[in-house]
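Each chain is listed here by its residues.
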Amino acid sequence: MTFPILSVIVFTPIVAGAFILLFPAERKTEVRVTALAAATFALLLSIWVYFSYDSSAAGYQFQESYSWLPALGIGYHVGVDGMSTPLVLLTGVVMFTGVLISWGIEDRPREFFAFLFILASGVFGVFVALDLFQLFFFYEIAVFPMYLLIAIWGWIKTREYAAMKLTLYLFIGSVVSLVGALAMYWTMYQNTGILTFDMLQLEQANFSEQFQILWFPFVFLGFAVLGGIWPFHNWSPDGHVAAPTAVSMFHAGVLMKLGAFAALRVGIMLLPLGAQHWSGWLMALAGIAVVYGAFIAFMQDDMKYMIGFSSVSHMGLVMLGLSTLNTNGLTGAGVQMFSHGVMTALFFAVTGMIYDRAHTRQISELGGMAKIMPFAMVGFIIGGLVSMGMPGFSGFVAEFPIFMGVWEINPWVAIIASISIVITAAYIMRNIRDVFFRPMPENLEGHITDVNILDKVAIVTVCLLMVVIGLAPSIMVPMVQTGVENILRLLGGV
Amino acid sequence: MDFINNYLLSLILFLPTLVALVIFFLPKDEMKLIRWTALVGSLFPFALSLVLWFSFNSNVEGFQFEEKYIWYEAINSTFHLGVDGLSLTMVLLTTFLTPLAILASFGITDRVKAYMMLFLFLEMGMLGVFMSLDLLIFFVFWEIGLVPMYFLINQWGSANRDYASLKFMIYTMGGSLGLLLAVQMLGVVFGTYDLLSLYELWPNATSLANLPAWLNVTTVKTVAFWAFTIAFAVKVPLWPFHTWLPDAHTEAPTAGSMILAGVLLKLGAYGFLRLILPLYPEQAQTFAGALAFLATAAIVFGAFAAYGQTDFKRLVAYSSVNHMGFVVLGIAAAAAASGTVHATIALNGAILQMFNHGLSAAGMFFLVGVIYERTHTRDLSKFGGLFPLVPVYGGILIFTSMASLGLPGLNGFISEFLVVRGAWPILTTYTAISMLGLLFTGAYILKGVKNVLHGPMNEHWAHGEHKLTEINFREIVVMAPLMVLILWIGVWPAWILDVINKAVVYLF
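Protein chains in written order, with this note's numbering: chain A, 468 to 961; chain B, -6 to 501.
Note that these hints are calculated values from the structure, not bench results.
It should be emphasised that the depicted structure is a prediction, and the values quoted were computed from it without experimental measurement.
Incorrect hints may appear among the rest.
Claimed, not checked - Pair ranges (Cβ atoms, derived): (1) Lys838/A / Pro449/B: 43 to 49 Å; (2) Leu667/A / Val15/B: 49 to 55 Å; (3) Ser831/A / Asp372/B: 29 to 35 Å; (4) Gly100/B / Lys923/A: 31 to 37 Å; (5) Glu670/A / Ser190/B: 35 to 41 Å; (6) Phe518/A / Pro196/B: 41 to 47 Å; (7) Ser523/A / Gly100/B: 55 to 61 Å; (8) Ile(-3)/B / Asn919/A: 44 to 50 Å; (9) Ser200/B / Glu670/A: 34 to 40 Å.
Unchecked claim - Straight line, CA to CA, 27 Å or less: simulated DSSO-like cross-link-like pairs of lysine-lysine: (10) Lys25/B / Lys838/A; (11) Lys460/B / Lys443/B; (12) Lys460/B / Lys375/B; (13) Lys838/A / Lys923/A; (14) Lys440/B / Lys375/B; (15) Lys160/B / Lys838/A; (16) Lys460/B / Lys440/B; (17) Lys443/B / Lys375/B; (18) Lys21/B / Lys838/A; (19) Lys495/B / Lys61/B; (20) Lys923/A / Lys21/B; (21) Lys923/A / Lys495/A.
All C-beta atoms, glycine included, are put in the ideal place defined by N, C-alpha and C.
Based on the provided sequences and hints, a complete structural model is requested.
Here it is in structure tokens:
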């Protein structure tokens, strides 16, 4: 039997979380060290998976399959393809950097890390799930700790409101998807007599076109709520703002990808005819999100709201890529999920560092950070360049094929969506200038200290990823392409 | 030697980055060490481009020293480099001006390390544009250069730098948005970004593969032509897209202005020559009149605006609008009557004018910087009669101004003469108006010289703590190579025109 590497990745965080809970509450250092050890372990394993994934063989690799409730056709089936492998790596990276950034949490770190790790397990679980039931299972596991993390450790002014809003939105979304999933399950049973949640079998189900057109919007939009699709994005910036730093990183960096990924895996891959029918509408929603998110971000004075709305805009690009249903668009969407994940994790990390010191996130009340925290400045600038889609960084590598894909479908959407690039440049450059370079306000003078070594490690890790992918796209793009080929095969093209 | 010859372009392109990385690891308080590392480091690309210049065979058609590496396989874009006579001239100009600009920045004491690193990154960005033979790589370098320039203006500029740097960034990014979209469109249609293939495919394309069927090929070509044109017109800058330039130039640190005027503006003109003329011959011919109109407007309004300035640096900045107008006039003439001998002459003039303006504008901005550093003002009314105080500086200023004015015997005359000679039979009216504009070129340059050097002496600068000091040795070292080249090309232009002319004949 081969080493069940994916299962180990999925269960490492949750086991570590349970283990952490055994410590006495006042042994904070031990808790943190254990958390860091577990996160490092998961990161190393996900790097291992990333580099041993065989792009030439493509398909689902590292598969493990056990039956769990055979009477209902529910199994435990995991495996990764070219689409999900980068996302597993992304989760490993965000988990690792999230722990580093949260080192300074003094308020019940034991419970904090435990919940954070349950969340991480849920996320890993969704990315590797090949069983629909299991996917939902892990999906809920990922959403639930968010509520506690925000409500307990969040920003005191809005945490209850935001936690409630976020949880309600996401639960409603997942319930809507679940209805669609159950419809697939029963229809499959009626058609073939097989009771199964296994997605590899559901892919072969050949649902009728009518069925797919009816259920696609439920399944896709239900998940896409978590991906921040306009007009259901409203929970997301509020959630970002209220969440503690590491949770914001997880939330924007990974959770929103979870929504987009599940919408792709369950919506587009299982109901390809439905996807083709509705793709024009999806493209319209995504195009609005891209431009609208950028405009709203431009208007924000709170750094976290700005980044939150920029995430809406960038996730709009992912949705835009998905809605093209062609090679370029889907490939770009896959890379953009990774690129935006590390970029926005970096943004929230740096914003958290600034907030911890200045106790404000209002751009108009900040200034002069560059001299005191040069490391954070460089990190934020690199993140900003990625966000603007500057060539040489991962954002460009991702956005360029998305736009190419959109060109093939509807040039007008490409032209309108491209406006967001300039708006993004404007608010990012303005933010860099105001927060880092203008003279520091007097009330902050003397209160700001440089970031510590752990923060620096976190910043360097994500910056390196963005630069390396930007300069050498072939590290990631061919892998994503193998995943895309599989999707296109299901869509019946090429 | 084989290694150098095989990878000559990559070496020239990436050596500046390598030097920047070396500087990154130097201690930040060792300012002297950092400055000298940057200067010596930037001389290597210059030395290599001299090697390039002399081993380049101008009698062979097409691109030389080609290199091709895998870059972005998924969308079929390769890292394809190569030079012909046109790009060779620009590469030489860039690697020649960068060490001078770095030497000119030895007076910078604030965060020298970051400053020098940004400068070297900037050099890489500009060189990349001139060398790339892949449309996507072209765009990559085109945009990358913005970032270091933005920070150079934003961090080391003068009072109004925030406004100027953001305006520069947003203007140029906004301008290249159309270019980005058009590049994507070409990639979708042909599945390749290789310029040599696109030269063949795009002008002859009669249908648009992979695009929605309702798109009309003629319309798309016209729109894409204007998308390219606007991106490059912003950079040149062509009237009415020039308004970012006076602000950016005025606020940038001296060396930043030197590079901005010396090389960055050439990127726009280079885009016209490298991309628009070969990719859109028909559209360029159709709209040559419009281009010529814009160029004439730039020449005339640029001259008027320069004459109206009271800020010395702004005056020089507007002179760039005026001079670059001639480059575009030459290009418009070539577009209108491609293949004729007049077009060839006009193009020769345009390309030589790019090189010449690089020399004289860099010199002028440096000289403005020299006096600004001493007086902390650029207000022309605050100077006056300074010649007796600083005779050497005065002499150099007059010499460089005359080159800018187009005095026969200096380089500006040759190129402007070639442009108007070539453009006259093709675009007679516009050329005639432009030549009237030359009159005002003389007026504003003489106004600048008069207000600084002649007239009643402003006693403020003659005595005491404000006493104006003479141009120092380092500053003369910066100016000397520029002056030598200005005179050399003015007296004997054949060595460079030969290379340019052969490239023009092969290309168009």
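To see whether the hints hold, each was checked on the structure:
As the Cβ distance of Lys838/A to Pro449/B is approximately 46 Å, the hint placing it in 43 to 49 Å holds. Between Leu667/A and Val15/B the beta carbon distance is about 53 Å. The supplied range of 49 to 55 Å therefore holds. The beta-carbon spacing between Ser831/A and Asp372/B, approximately 33 Å, falls within the hinted interval of 29 to 35 Å. Take Gly100/B and Lys923/A: their Cβ atoms lie about 33 Å apart, and the range 31 to 37 Å holds.
At about 39 Å, the CB distance of Glu670/A to Ser190/B agrees with the hint of 35 to 41 Å. Judged by the Cβ atoms, the range 41 to 47 Å given for Phe518/A and Pro196/B holds: they are separated by roughly 45 Å. A hinted range of 55 to 61 Å holds for the C-beta pair Ser523/A and Gly100/B, which are about 57 Å apart. Evaluation of the 44 to 50 Å hint for Ile(-3)/B and Asn919/A yields a pass: the beta carbon distance comes to about 45 Å.
In this structure, Ser200/B and Glu670/A meet the distance hint of 34 to 40 Å, their C-beta atoms being roughly 36 Å apart. Of the pairs offered as hints, the one joining Lys25/B and Lys838/A holds, with about 22 Å between alpha carbons and a cut-off of 27 Å not exceeded. Under the criterion of a C-alpha separation no larger than 27 Å, the hint pairing Lys460/B with Lys443/B is consistent with the structure, at around 20 Å. Our distance criterion of 27 Å between C-alpha atoms is met by Lys460/B and Lys375/B, whose separation comes to about 14 Å.
Restraint check: the Cα-Cα separation between Lys838/A and Lys923/A comes to about 16 Å, which is no more than 27 Å; the hinted pair holds. Pair hint Lys440/B plus Lys375/B holds up; C-alpha atoms about 14 Å apart against a cutoff of 27 Å. With a CA separation close to 24 Å, the supplied pair Lys160/B and Lys838/A stays within the 27 Å bound. Only pairs whose Cα atoms come within 27 Å are accepted, and Lys460/B paired with Lys440/B is accepted, the gap being roughly 24 Å.
Restraint check for Lys443/B and Lys375/B: satisfied, since their Cα atoms lie roughly 12 Å apart, inside the 27 Å limit. Our distance criterion of 27 Å between C-alpha atoms is met by Lys21/B and Lys838/A, whose separation comes to about 13 Å. A threshold of 27 Å between alpha carbons decides the hint, and for Lys495/B with Lys61/B the separation of about 24 Å falls inside it, so the pair holds. Taking the CA atoms of Lys923/A and Lys21/B, the gap is near 19 Å; set against the 27 Å cutoff, the hint holds.
This hinted pair checks out: Lys923/A and Lys495/A have alpha carbons roughly 21 Å apart, not beyond 27 Å.
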